[in-house]
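Chains H and P are the protein sequences, given in the same order. Quick note on my numbering: the first sequence kicks off at 237 and runs consecutively. Quick note on my numbering: the second sequence kicks off at 253 and runs consecutively.
Among the hints, a few may not be true.
Claimed, not checked - Calculated lysine to any residue pairs in the SDA-like style (CA-CA distance at most 25 Å, straight line):
#1 P:K349 <-> H:Y369
#2 P:K257 <-> H:E322
#3 P:K346 <-> H:N430
#4 P:K256 <-> P:S370
#5 P:K719 <-> H:D597
#6 H:K370 <-> P:V356
#7 H:K388 <-> P:E705
#8 P:K445 <-> H:G632
#9 P:K704 <-> H:D435
#10 H:K318 <-> P:Y306
#11 H:K271 <-> P:K346
#12 H:K354 <-> P:K344
#13 P:K448 <-> H:N633
#14 H:K285 <-> P:E263
#15 H:K417 <-> P:L587
#16 H:K271 <-> P:L587
#17 H:K498 <-> P:L404
#18 P:K486 <-> H:G632
#19 P:K257 <-> H:G321
#20 P:K344 <-> H:E355
Keep in mind that the hints were calculated from the coordinates and are not lab data.
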Amino acid sequence: MLNKIKQILINHKEISGYKIGETIIEANELFFIKKNVDMDRAKSVHHFKVTVYIDFEEKGTKYKGSSTTDIHPTMSDSELEKAIGEAAFAAQYVKNPYYPLVKPSSSYKQMGGSNLSKESLPYWMNEITKAIYKNDIYEKGGINSCEIFLNKIYTHAVNSEGIDIDSLDYECMIEFITTWKEDGEEIELYKCLNFSEYDPESLAGEVMDMITICKEKAIAKNMPALGRACVIITREAVKDLFSYYYSKSNATTVYNQGSTWKIGDKVQGEEVKGDYITMTLNPLMKNSTFSRSFDEDGFPVEPVTIIEKGVLKNYVANSRYAHYLNVEPTGSVINLEVNAGKNSIDDMKKEPHLEIAAFSDFSVDGITGDFGGEIRLGWYFDGDKTIPVTGGSITGNINEMHHDLYLSKELQKDNYFEGPKAVKLFNVTVAGIDNINE
Amino acid sequence: MKVKKSEFLTESKPLLRKLVQLLSENYEYVSVLGTDTKGKSYRVSNTGVEVNDYMFAERGFVVRIHNGVNYSEYSFNEIDENRLNSIVEEIKLKLNKVSKEISVNSYKVIEEEEIKKSYYGEVKINPAEISSEIILKDLTEIVEAALACSELVAQFRASYSVMHISKLFISGKKDLEQSYLLGEGSLFSLARKEEKAKYYFAPCTGLYGYELVGELKKMYKEVVDQSIKLLDSKPARPGEYDVICSPDIAGLIAHEAFGHGVEMDMFVKGRAKGAEYIGKQVASALTTMHDGAAAAQHVSSYLFDDEGTIGTDTVEIKEGILKTGISDFLSALSLGTTPTGNGRRESFERKAYARMTNTFFEAGNDKYEDMLASIKKGYLIEGTYSGMEDPKNWGIQCIALLGKEIIDGKLTGNLISPVIMTGFVPDLLKSITMVSDKVELDGCGYCGKGYKEYVKVSEGGPFMKVKVRLG
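All chains should be built: construct the whole structure from the sequences, respecting the hints.
Encoded structure:
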């Protein structure tokens, strides 16, 4: 099929270049209710995504039009010809500034293989099941339901400049719900894990952690109205918070006017009272489902510092937008490392604060910096005692707070993110359940 | 014009029948769903142009078998006469291989009634007859007109997508086909004054052909104006307020409050508080809520779902009383209820779950003007940003783009943004005191189950006066 696609692209003389992404996925899936398998699924699929490029010139300015189309392995010759022909027709009206396609390179990094490659998918499904249910041993609660998706993915990038590179990777996603019941109503919390290396201790530990915080939610009180407060965010919300810095330092966002950040900007402001942010892209990160030695364009990727001590050093830039902004490309890289801060979590907790363990959905706006979410579980320390709390919400804007933000000394790893376990913010608006209009 | 059926699925039908026949030699129940969804997405802004295939385009098959104890599924996208036996072998080799140490739930074999039906949608202007050149030209005109409105607009984006959805379901007794078009358009305006940036967006969706772009042309000025006004917005002061929810926010509440809350696969898992409240009051007597492929003509209107069940109109809440939920086939089998035609998949590659379709509150008798006049201090909440459900504990989180201040029954022109509404679902729904007389639906969004399994849904309602907590 790949050769057939290439031949049709070559036959279209109006096409200046092309990019083909080929993916083959073999997958096994298990769906549990409590400890019982409710359904099993398997998958075997083959996909192609073809981008055609047409270069043209108007009034002395060079443009590169492009259009992307999906090619299915069951397409007839005439369907293939039609899909590519339509993409080529559309591309001639896509008037984007010119950029060069990625050229072949000899500098692709060697990736360490996943331990999941050592046995079959069904073998690992059973091993993963054992690890997930290892700590599900309590009477008052445990795993309510769980879904395990294990994918073996072949990725192949080809372009008209001679790029031809592939990789074989493993991705596992586990979604589970834990419940707990004390004297009141049974409560539940949601967790999603993504990884590319089998680590049974880590999986069992994640379940134990969720069971532990579920117990706390079962005895949590209504969130009091705090007005403005010191808030410590933890777990996935820390990753979500740094998505703002990823978005604002992304060349695509800058080019599209969603960010005004410039190289050399002090992104946390002139006077920083708290910790400086240092953020690095690491496409080779161990145990991330996004780790590869090349991006979707076939560009060879490697670690790059984006923000160093609060100063923007590089944009996150694929080859197209790097060309537009006249900066070095980093390639499209998702994996993010954020340096630890100076203080331990225990130090952070010495003064009155609200620590939040779980949100309904922590939302961070990558353009405005507005953030917020409903609190599913937190602990409120009033300077004297600590109580688990639930309900209410927090809101704020990162731009108004990041000059006085503190990062924990302790680190966490969550698929594509490695960074502080906790971030402390001041003057966050906390709406409690008992709020009364003034 | 009638929407054409997929030639690919038509040509594959004899092969699929043969596959069902071959598999039926080993399994008591066999079905196959074939999908062929194609479409294009066009996006024009002042910084670039994009033309790509529709994000959820797909072509493939999923086989479901009863393995002797429960159900197994196999998804694949390569088929021809010579491969049929190898597909059968793959199914034998890959499915039902769970270790003997792990226990399994058992399900009865599905008993089907003989049914042969087809549905082909209709649109006014066939998008296939409009060239990419014309579409990009029309969208470019909208962008240029919007940019000319104000220098404060940093980016303006006009998007249009068309989806041609074709599906085929074959089992021992079922032979179903459907093919229909969906149109989706949106406008996005990013305004900037010095370092402050705010944006506003508005959708236009439905069972439309290219006529949808004509609607977009009427909307750009309002989208630009709102984004500029948002530059002067203030954060909401936390507290409980009387608010009027616009139809899109009413829809968001319907979706998050009792849409997810009555998905009956959650009943099977013991994850839905709603299961204990059937027949009880959960909302104000002014509240009646529907869900169903046959409940409205919008983006989730189809003949049959992804398990071959004919779509229905389910009245979930009738005058404040919770009546029933929505279900996929296997949940209904487990609960001993009738499936409602809500078994939906993100694609042929994914499992079917109980999912929403067109979810909305019924209209009431109040006039919008009277509702506005009844509020001493509060807000008119508009523009869906996001929402999150909590079917077990009935918490709700809805984020809106803006709130328009109301003082003494009049809009003051002041805005709050962003707006986070939280609360306990029955408290919120029981606080509904006025309901306007016209329902509007919107289908711009995709609904996830947790953070995955995205399907196209519509949601809506009339204007509704409620008491909510804003953060």
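Consistency of the hints with the structure:
1. Pair hint K349 (chain P) plus Y369 (chain H) holds up; C-alpha atoms about 18 Å apart against a cutoff of 25 Å.
2. At most 25 Å may separate the alpha-carbon atoms for a hinted pair to count; K257 (chain P) and E322 (chain H) meet this at roughly 20 Å.
3. For the suggested pair K346 (chain P) and N430 (chain H), the alpha carbons sit about 23 Å apart, so the restraint of at most 25 Å is met.
4. As the CA atoms of K256 (chain P) and S370 (chain P) are separated by approximately 12 Å, the hinted pair is consistent with the 25 Å bound.
5. Our distance criterion of 25 Å between C-alpha atoms is met by K719 (chain P) and D597 (chain H), whose separation comes to about 22 Å.
6. Between the alpha carbons of K370 (chain H) and V356 (chain P) the distance comes to roughly 17 Å, so the proposed pair stays at or under 25 Å and holds.
7. Proposed proximity of K388 (chain H) and E705 (chain P) is supported: the alpha carbons are some 19 Å apart, at most 25 Å.
8. This hinted pair checks out: K445 (chain P) and G632 (chain H) have alpha carbons roughly 20 Å apart, not beyond 25 Å.
9. The straight-line distance between the Cα atoms of K704 (chain P) and D435 (chain H) is roughly 24 Å, inside the 25 Å bound, and the hint therefore holds.
10. Note on K318 (chain H) and Y306 (chain P): the hinted pairing holds, with a Cα-Cα distance of about 16 Å set against a maximum of 25 Å.
11. The hinted pair formed by K271 (chain H) and K346 (chain P) meets the criterion: a straight-line CA distance of about 21 Å does not exceed 25 Å.
12. A C-alpha spacing of about 23 Å is found between K354 (chain H) and K344 (chain P), which places the hinted pair at or below 25 Å, so the restraint holds.
13. Annotation: proposed proximity of K448 (chain P) to N633 (chain H) holds, straight-line Cα distance about 11 Å (limit 25 Å).
14. Among the hinted pairs, K285 (chain H) with E263 (chain P) is consistent with the structure: their alpha-carbon atoms are about 24 Å apart, no more than 25 Å.
15. Note on K417 (chain H) and L587 (chain P): the hinted pairing holds, with a Cα-Cα distance of about 24 Å set against a maximum of 25 Å.
16. Among the hinted pairs, K271 (chain H) with L587 (chain P) is consistent with the structure: their alpha-carbon atoms are about 19 Å apart, no more than 25 Å.
17. As the CA atoms of K498 (chain H) and L404 (chain P) are separated by approximately 20 Å, the hinted pair is consistent with the 25 Å bound.
18. Our distance criterion of 25 Å between C-alpha atoms is met by K486 (chain P) and G632 (chain H), whose separation comes to about 11 Å.
19. Of the supplied pair hints, the one linking K257 (chain P) and G321 (chain H) holds, its CA atoms being roughly 22 Å apart against a limit of 25 Å.
20. Straight-line distance between C-alpha atoms of K344 (chain P) and E355 (chain H) comes to about 20 Å, which keeps the hinted pair within the 25 Å bound.
Of the numbered hints listed earlier, not one is contradicted by the structure.
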